[in-house]
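*Asks:* Protein chains in written order, with our numbering: chain A, 12 to 127; chain B, -8 to 101.
Hint data in this document are derived by calculation from the structure and do not stem from the laboratory. Incorrect hints may appear among the rest.
As the list claims (entries may be wrong) - Stretch-level coverage of chain A by chain B, calculated; a stretch enters the list once three of its residues show a Cβ under 8 Å from a Cβ in chain B:
1. 53 to 64
2. 98 to 106
3. 117 to 124
Predicted model only: the values in this text are computed from it and were never measured. From the three backbone atoms N, C-alpha and C, an ideal C-beta is built for every residue, glycine too.
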Amino acid sequence: GAVVSQHPSRVICKSGTSVKIECRSLDFQATTMFWYRQFPKQSLMLMATSNEGSKATYEQGVEKDKFLINHASLTLSTLTVTSAHPEDSSFYICSADAGTGDYGYTFGSGTRLTVV
Amino acid sequence: SQQGEEDPQALSIQEGENATMNCSYKTSINNLQWYRQNSGRGLVHLILIRSNEREKHSGRLRVTLDTSKKSSSLLITASRAADTASYFCAMRSNDYKLSFGAGTTVTVRA
């Protein structure tokens, strides 16, 4: 079945540094990928829609200069958290539509970001 | 994008019992999907029901959709310890975005 690989699974960084998270579709091409953020014991909040070859579209309230998204190929989207602060600590998850009809979207395994 | 509401927030049942959780949403949808999330992990797709469908089955899962009431339910029959997880409904709108419900945490006791 469709697989989305997300790396790293965990990352700890210092305040003020930037962190890049990768999301790859392994066996299908994804013109669109989605990035979510999840706080502990809460639901997933859509942050942005990543579009191959064009600019990402961000949800209301999400700072595009803080969360840089690049979708340079049909199999790779990256989310860079710039100048990270402790409040950016969260679980970030990507997903893509493999176009498999009734099988919904395929999610990566998530990245736990801790900013110290 | 809309967020859905789910109830109950948490559910604790004995192995072998059924678990039912409900989801309500506000605006029109293309389809509604249910996902499972084990602690600290990604989401696993369980079942998708289209807006013109009323009921769907997959193994021990049964999902219903009432578009007039903007609600859906997920039933897990004959629960197992491995079913312990958080369950989320997700509404897909015509712009391909998914909006998630608040989630139901299910604990299955052995």
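*Asks:* Please verify the coverage claim for the segment 117 to 124 of chain A: does it have three or more residues whose C-beta sits within 8 Å of some C-beta in chain B?
*Replies:* holds (count 6)
*Asks:* Counting residues of the segment 98 to 106 of chain A that have a beta-carbon nearer than 8 Å to any beta-carbon of chain B, does the count reach 3?
*Replies:* Holds, because 3 residues of the segment 98 to 106 of chain A bring their Cβ atoms closer than 8 Å to Cβ atoms of chain B.
*Asks:* Take the segment 53 to 64 of chain A, compare each residue's beta carbon with every beta carbon of chain B, and decide whether three or more fall closer than 8 Å.
*Replies:* holds (count 6)
Taken one by one, the earlier hints all hold for this structure without exception.
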